[in-house]
Amino acid sequence: QQQVKQSPQSLIVQKGGISIINCAYENTAFDYFPWYQQFPGKGPALLIAIRPDVSEKKEGRFTISFNKSAKQFSLHIMDSQPGDSATYFCAADAGGTSYGKLTFGQGTILTVHP
Amino acid sequence: GAVVSQHPSWVICKSGTSVKIECRSLDFQATTMFWYRQFPKQSLMLMATSNEGSKATYEQGVEKDKFLINHASLTLSTLTVTSAHPEDSSFYICSARDWKVNTEAFFGQGTRLTVV
Chain L
4 QQQVKQSPQS LIVQKGGISI INCAYENTAF DYFPWYQQFP GKGPALLIAI
54 RPDVSEKKEG RFTISFNKSA KQFSLHIMDS QPGDSATYFC AADAGGTSYG
104 KLTFGQGTIL TVHP
Chain X
231 GAVVSQHPSW VICKSGTSVK IECRSLDFQA TTMFWYRQFP KQSLMLMATS
281 NEGSKATYEQ GVEKDKFLIN HASLTLSTLT VTSAHPEDSS FYICSARDWK
331 VNTEAFFGQG TRLTVV
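Protein sequences appear in the order of chains L and X. Residues 4 to 117 in my numbering are what the first sequence lists, from first letter to last. Residues 231 to 346 in my numbering are what the second sequence lists, from first letter to last.
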C-alpha cells in the first residue's frame, strides 16, 4: 500500500518532443506528490510538486497532471532538450507528522537525442 | 533555496571498519532529517528518520545496530555504517526540511560508499 509505481522504466525522445512519465499510488493518505530529477552521482533535485486539490500544475516546460480518483499522476516535459537527459523519480508524501518522508517510484531514465 | 550538505562525497573503506557520513542543513534548522540508500540504477529507499534529540526511527529491514544515526543538533545528523562489508557499498543520501516554513525536503548531494 505504500508503493508508488512508475512507468516507463526508460524513455527515449527526440529533441523538441514531449516526454511523459506516469505514476500510480494506492495509499490515499498521500497528500503531496513531488517529481525529482537526478543526474549520475548527484542527489535528487526537486522539479515540481502538486497537492491533490489541484488537477494540473505547470512550471516552465514541466507540467504535472493529477487524477485523484484514479490515484495517478504524470509528468510532462515539453520541448525536451538533451540537457533533460537524467533519471526522473516521482514520489509521494503522507504529510502530517511524516511530512518530508518520501516514498519513491522506481525511476525513469530519460534520454533526449539531439 | 535551502542547502543541505553531505560529507564526504565519496569514501572507500576496508571491510570491517566503520564509516561516518555527515548531513548538515547550512541555512536552516531541521528537527527531522531522512536517510536514504540507493543502489546503482535503482530507486531511493528510506532507511531511517533522524529526529533531533531523540532516537532515530528505522524502516523495516534496516539494522539499527549497523546503521547508527545521531542527530545531536538542529543542523547536523550523522550516519555511521559500522563493521562495513562490500554489500554495504551504495549511494547514501540525506534530506532535511525546514519545519519553520512549509517547504519541500531538500536533498544532499549524496555519499558514495565503497567497501573493499
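Hints were generated in silico from the structure; no laboratory data involved. Ideal placement from N, C-alpha and C gives every residue a C-beta, glycine not left out. It is possible that some hints are incorrect.
Pairs of lysine-lysine residues, derived as DSSO-like cross-links and limited to a Cα-Cα distance of at most 30 Å, are as follows [said to hold, decoys possible]:
hint : chain 1 : residue 1 : chain 2 : residue 2
1    : L       : Lys45     : X       : Lys294
2    : L       : Lys60     : L       : Lys18
3    : X       : Lys271    : X       : Lys330
4    : L       : Lys45     : X       : Lys244
5    : L       : Lys60     : X       : Lys244
6    : L       : Lys71     : X       : Lys330
7    : L       : Lys61     : X       : Lys250
8    : X       : Lys244    : L       : Lys8
9    : L       : Lys60     : L       : Lys8
10   : L       : Lys45     : X       : Lys271
11   : L       : Lys104    : X       : Lys250
12   : L       : Lys45     : X       : Lys330
13   : L       : Lys8      : L       : Lys104
Every beta carbon over 12 Å from chain L, so not counted as near; a handful from chain X, in silico [as the list claims (entries may be wrong)]:
hint : residue
14   : Ser239
15   : Ala260
16   : Lys271
17   : Lys285
18   : Asn300
19   : Leu304
20   : Thr312
21   : Ser319
22   : Phe321
23   : Gln339
Part of the chain X face toward chain L, derived, beta carbon under 7 Å [said to hold, decoys possible]:
hint : residue
24   : Leu274
25   : Arg327
26   : Glu334
27   : Gly340
Practice prompt. Could you tell me which of the hints above the structure violates, numbers in ascending order?
Written response: 3, 5, 7, 8, 14, 15, 16, 22 and 23
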